[in-house]
Amino acid sequence: MLKVEHLMVNYGAIKAVKDVSFEVHTGEVVTLIGANGAGKSTILKTISGIMRAKAGTVTYEDRVINMLSASRIVQLGISQVPEGRHVFEGLSVLENLQLGAFTQPRGFDVSTALDEVFAQFPVLAERRKQDAATLSGGEQQMLAMGRALMAKPKLLLLDEPSMGLSPIYIQKVFDIIKTIHAQGTTVLLIEQNATQALSIADRGYVLASGEVKMTGTGAELLANKQVQSTYLGG
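The sequence shown maps to residues 1 to 234 in the UniProt record's numbering.
Lysine-lysine pairs mimicking DSBU-like chemistry, simulated, CA-CA at most 30 angstroms apart:
id	residue 1	residue 2
1	K129	K152
2	K172	K154
3	K172	K225
4	K3	K45
5	K3	K54
Per label pair, the in silico range of CB-to-CB distance:
id	residue 1	residue 2	range
6	A119	S229	39 to 47 angstroms
7	S111	S229	48 to 56 angstroms
8	G90	D115	22 to 30 angstroms
Since the hints were made in silico from the structure, they are not lab data.
Every residue, glycine too, gets a C-beta built ideally from N, C-alpha and C.
Using the sequences and the hints, build the whole thing.
Take a look at the structure:
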């Protein structure tokens, strides 16, 4: 489904991503783990068209998407839940969700899409008229995920979905990710909570200093002593 080959991305003179290659197959959960500054978020932003690569290619369903606009990439079936959630303050929960469907073609059934999101996130249905800025951190994360799902993605990019959340909400978020995956959505996950990420991942890639240092199944990386000592606190 997604193939990233020899990706290089710079912030000015800083080489944030040096030479990264990986694949995501249809129906998988794939996770990228690594310390802050490893280049994980930059990779997701490049896939979704927010940033431009200096070199390398991003291929989605046999089409190179490097130079496409972010809105066009959403139309092709890729949605991103950004780090920090970035809900629209001053707009209601309902309005935030409706904005998630702005790239859908004329005739798209927004009402049915909303019903599906509300079924997935009942708390959003209860707060549909509430200003998004007044939600708790966990509720805002659910709103950001629901907003991304309004675009009916084939591939969902999740950037640090558990960041800043209480343990109860962290577990809720990972349970929701598993449900979304079980319903047929392919997931590419970036997550500081490496134990949780690897526990639900089919495969994982370990990044350091803008490069892939290790790859394997989620179970293999969980059991790897180097990964345990560096990323899992063991």
